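Given the coordinates of chain A, work out where chains B and C should sit on it, guided by the hints.
Residue numbers (numbering that gives the first Met the number 0), protein chains in the order written: chain A, 0 to 240; chain B, 0 to 353; chain C, 0 to 292.
Check each hint, because a few of them may be wrong.
Okay, the calculated beta carbon distance ranges per label pair [said to hold, decoys possible]:
id, chain 1, residue 1, chain 2, residue 2, range
1, B, R210, A, R179, 32 to 40 Å
2, A, F13, C, N123, 53 to 61 Å
3, C, D222, A, L78, 45 to 53 Å
Reference listing, derived: stretches of chain B covered by chain A, where coverage requires no fewer than 3 residues with Cβ under 8 Å from a Cβ of chain A [said to hold, decoys possible]:
id, segment
4, 128-139
5, 200-211
Bear in mind the hints are in silico, worked out from the structure with no lab data behind them. Model, not experiment: these values are computed from the prediction. Glycine residues also receive a C-beta, built at the ideal position from the N, C-alpha and C atoms.
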Amino acid sequence: MTATLRAEGVSKSFGGLQALADCSLTAQAGRITGLIGPNGSGKTTLFNAITGYERIDSGQVYLDEQRITGASPQRVFSLGVGRTFQLTRIFPRLTVLENMLVPANRGRSTREHRERAMDLLAFTGIASHARALAGTLSYGQRKLLELAYVLVADPAVVLLDEPAGGVNPSLIHHITDRIRELNAAGRTFLIVEHNMEFVMGLCHQVTVLDSGSVVASGPPEVIRTDPRVLDAYLGTEADDA
Amino acid sequence: MAGTRHAPRLRSRTFSGLGAAVLIAVIAVFPLVFTNPTATNFGVITLIFLAVASAWNIFSGFSGYLSLGHAVFYGTGAYFLAVAAKDWHLTGSAVFWLLPLAGAVAALIAVPLGLVALRVRRHTFVVITIAFFFIAQLSASNLAVTGGSSGLLLPVPNWTSATFNNPFYYVALIIAAGTVALSVLIRRSRFGLQLRAIRDDEDRAAGLGVRAMPVKLTALVLSAFITGMAGALWVYFIGEAFPQFVFDPLFDLAVVLMAFFGGLGTVAGPVLGALILEPAQMYLNLQQSNGYESEILFGALFLVVILFLPRGVLPTAGEWLTPGRMRRLRDGWLAWRARRTAHPPVPPAEGTPS
Amino acid sequence: MASEISRAIAAGILGGSVYALMAVGLTLTFGVLDIINVAQGIFVVLGAYLSYALSVHLHLDLLLGLLITVPAMFIIGLVIYWLFIRPLRGAERTSMTLLACFAVALIIEGVLYREFGSGYVSLNAWYTSASVHIFDFYLADIYLIGFGLAAVAFAAIYLILYRTTFGRAVRATMQNRVAARLIGIDVNRVSALTFGIGTAVTAIGGMVYGAISGGFTPNSGYDLISRLLAIVILAGLGSVGGALVAAIFMTTAEALVDIWQPDWAVAVFYLALVIILTFRPAGIFGQRAVRAQ
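Only chain A is shown next, with the shape it has when bound in the complex (with noise of 0.2 Å):
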């Protein structure tokens, strides 16, 4: 289960401010890539606008052949995509059990239902807190929590917003096997992340964001030499407002 997503020429402004300039990106089947850029690149305006939660003034967004611009978030979500949060949202009210329950069931009964998601519990590592309100987890936990219930739905593409940000070093080892686990069964990855040891360990293809488009894509060894994205970092901060 597996698929590429793409994002073409995609525009996006804020009244005055231009969040996304012409951006291109391509996620492929079964590959990891890593979206990398100074604060305010658009990082996560992207993901909210390939997975509905923004609407684009530009541009197309494609799912293997499939031209999903504009689709709303429940329809992105049933076409295959799944995607976390920068701040972790989960639905602290419920237990972690019934988090993982939200999502909806494809066709399964709920007596399967019920063991995937304690699988996948177990998959992530926080099946003892199963039967725990999702609102007393500690923040790792929650970012563990909300990777299981993304892929409740066995999603070909997977969008993860800054997984390692603010997590401890052994959780994020343990994120990182995850998610080659997951990805050696074929799903795609696109991953939004500053920690680069992350980013340049983990990713097949890095994409470099800055101000809004792209200026630079390719493999984690030649990203890091690039001197383009050195300077879209270091020459950026420079004029931080």
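Just chains B and C now, kept in the frame of chain A:
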């Protein structure tokens, strides 16, 4: 946030099932034991409010959309019954068959109201329910079919005055029990899970495939159906329908307070809230000749609940009774029992001088 | 007929300005504190009763009485905020504060019943009965005075919001509460003072309402709050200019409908609200996204 706080395990399923059965049995024999009409009067009204509070909770408690306009459904059901009983010349127990119909009418108007109101933010939703309430009250006061501001009278059944209240009581009991049962079913169902997810984070839930509008609307329609039936029963019991009476701004507040008091979003919460607060309110109304005393007390109680028991009595008690405390209570009980068996009070032996 | 229409329009605009003032208090409170103060209606009635008490017991002129009632209501607002609103936090904060405001309203209503009874009272002064001749109709002086007061109050609010440091803090908090706190704004103080201002304007509104309405009781609070809410939601929560426009528009519309259908006139408010919300859930001038939690 270290440590895991589990969903309250205070009530296991068998315990609550047993408890519910006992409660229903007690409520069922209540009029046979307390035959005083005042007592059964209390009983009827309390059961009606129990149904309404539970119905309100099915929508507002689970979805998080606070409705302050449920009086619209209550009043619609009430007026429908009043008009229908008159036009179709029904009296006595026959009128009870109109109840589900009244509920259906209320459920029907819930659809357009919901379609408009459920698309807005929660703040705005509350206000729009208030607006609907005032439109309803205004309509009832000015339309001929509802008798305008002089209202309508209902046919009075000619049952013996001693047990006059009893048929109303048992019908109310059926409605109330049915509502609570429905609450339990919803709470355990996927539908209920979706509602509660909507309450926590509607956009996220939508992004995960939950179809928010149909789910919310269904909850509203169910809630309206029951509330409409309750309103119809109430107006038949009272015998008359006046706009200010039927569409009373304090109605929704009373219902909200009951649900909050017991525990918003739980099944037993509204039940507890109604069982405690409604008789208390009626008692106060009997004691005080001035309406304002009860208003002030009501408002004060509300503030107390909001400020100090925001999750309601039951959840707070459930949390207070942590496994640690429960163990201590149980140990204390066992210790007390052990002391009694070791040194039972000795009765004087036969024949020996005391 | 023409003179009736002109009169209705004039009364609508002048009277609407006073409603606008009270509505602005409500919308500012929403913008800064993110709560809907449903007690605003009863605050107006309270202001009216305070003016009444001063006028009847101390024989103080209504306008002079404002010098007392405005600060008094301001302080009452501060106290209520501090005791009942500030302590509320958590996930259910929006519902809780709304209900808390309702509870406060109930208590105030009960107290007013106790102190003043349920009979109709009204505010009287020489300018409530004397009228001025405009074009071809007569309008009680109080309309012009009310308009004048509202204008002065609006000017004061404008100056505060746009010419003082406090005002800047208010606007910053309205835009982004968290960011405001981060740059050192004492958000609690700003909230308390804003709530107080929202209540203080009801002293003015109450006095004018008491004089124009021809009679009020503690029960009048419901009618008032429903109109104010309709105005504020129609305009879009948080939009001050919008509240002004909406208030004048709706009051004028009601006055016009009143000529032909007095029973249904007040329905104008609710129907307008429902219609607008069906097509623009955020209100006419509302900027916040629909269902943004």
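Given the hint of 45 to 53 Å, check if C:D222 and A:L78 actually sit that far apart at their C-beta atoms.
-> 51 Å, holds
Within 8 Å of chain A (C-beta), three or more residues of the segment 200-211 of chain B = holds (count 10)
Take a look at whether the Cβ-Cβ distance between A:F13 and C:N123 falls inside 53 to 61 Å.
-> Given a distance of about 55 Å, which is inside 53 to 61 Å, the answer is holds.
Three or more residues of the segment 128-139 of chain B near chain A by CB distance under 8 Å?
-> violated (count 0)
Is the hinted range of 32 to 40 Å satisfied by the C-beta distance from B:R210 to A:R179?
-> Holds - the Cβ-Cβ distance for B:R210 and A:R179, about 34 Å, lies within 32 to 40 Å.
In terms of the numbered hints stated before, the structure departs from hint 4 and from no other.
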